[in-house]
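2 protein chains.
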Amino acid sequence: MEFSSKLLERAVNEMSQLPGIGKRTALRLVLHMLRQPKEQTTALSEALQTMRNDVKFCKSCHNISDVELCEICSNPNRIENTICVVEDVRDVMAIENTSSYKGLYHVLGGKISPMDGIGPHDLNVESLVKKVKEGKVKELIFALSSTMEGDTTNFYIYKQIQDYEILTSTIARGISVGDELEYADEITLGRSIINRIPFETSLKL
Amino acid sequence: MEFSSKLLERAVNEMSQLPGIGKRTALRLVLHMLRQPKEQTTALSEALQTMRNDVKFCKSCHNISDVELCEICSNPNRIENTICVVEDVRDVMAIENTSSYKGLYHVLGGKISPMDGIGPHDLNVESLVKKVKEGKVKELIFALSSTMEGDTTNFYIYKQIQDYEILTSTIARGISVGDELEYADEITLGRSIINRIPFETSLKL
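As given, the protein sequences belong to chains A and B, one line each in that order.
For the first sequence, counting from 1, position 8 maps to 8 in UniProt numbering; every step adds exactly one.
For the second sequence, counting from 1, position 130 maps to 130 in UniProt numbering; every step adds exactly one.
To be clear, the hints were calculated from the coordinates, so they are not data collected in a lab.
Cut-off 27 Å, straight-line C-alpha distance, at most; resulting in silico cross-link-like pairs (BS3-like, lysine-lysine):
1) B/LYS23 to A/LYS23
2) A/LYS38 to A/LYS6
3) A/LYS23 to B/LYS56
4) B/LYS6 to A/LYS59
5) A/LYS133 to A/LYS59
6) A/LYS56 to B/LYS6
7) B/LYS38 to A/LYS23
8) B/LYS23 to A/LYS102
9) B/LYS59 to A/LYS38
10) A/LYS6 to B/LYS102
11) A/LYS6 to B/LYS59
12) B/LYS6 to A/LYS38
13) A/LYS38 to B/LYS38
Same shape as in the complex, but just chain A (with noise of 0.2 Å):
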């Protein structure tokens, strides 16, 4: 691609290195940003910037937050003793727009995939076996994507904390709400039959 500008080159190449965001798109979302008055563009540079350099993790479940102690983990009415692990922040946000959850959670940053180059190493397990050791957990509730890598993930932390007497669980798989039968696959239909709850209590969710 040909640039008739050295600036519009580089603003496009930068945009460009987001994931899913080839260089089309990015020259596409920069000439949109040229019709646009200024201040919209300085407006999302700055937002960018600083939310770059001032957004805090938290320190007890590394959720994105502005302070030290994010307002999950600082709410006296959640419960304390029940963390849920989740895969990262949108994690954290869709569980709490279910508004069914009332515990804690802890995000671990990604999960174990060595296809990626990503080990335990690089996901704050250290932390979360931490708090188990130290007593602070009564439940374990695992989150992740029923993908290999989340069931690894899974496993390896299950592994670390199997010898702490700590309730674990993971969250249901079975057939999504609204979905047809005929097009489950077989492993999540076969799950669901095995796991089957009581008619009674699907009636109360």
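Keeping the supplied structure of chain A fixed, place chain B upon it in accordance with the hints.
Only chain B this time, still in chain A's reference frame:
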């Protein structure tokens, strides 16, 4: 969407102002930046802001440029009196990539679209008509999108300059190279038969 950090929220909101980028995509991009070195976000922010503040539009053809008169307009090897009228900067890049055009360009900056509230006065039409009036143009090539808006814009410009003795042409409409005939729409196929070219000519392309 509930954010655990105001800084994160502001970055996501600004990012999602861009076309085709919703809140979820914006969040994904912003979280990606947090995993990358700070320098990368700084480079992106600076590139965008410098581009927005310092980029110029060529005073002759309105193409994006770092200098007053763009590289194409100031190139003595280009055919000065042939002007290709395009919608935006991307079209200049696309045509330049083909290496099959040696004239100059005129970037309208959009096309007439009453639905979007874009009239002829929002586009660089006046400066184009001025060039024609001053006798600087021998041939005008319309290279706008083959849509209702593109055709309207072509026609509007044509009406302004039809009294001057210049050649006007539009780029050929026809079957794309590599296309199966059975999937071509009727209008395109019809036009491609009416505007057929000598076989010997096609061999030379």
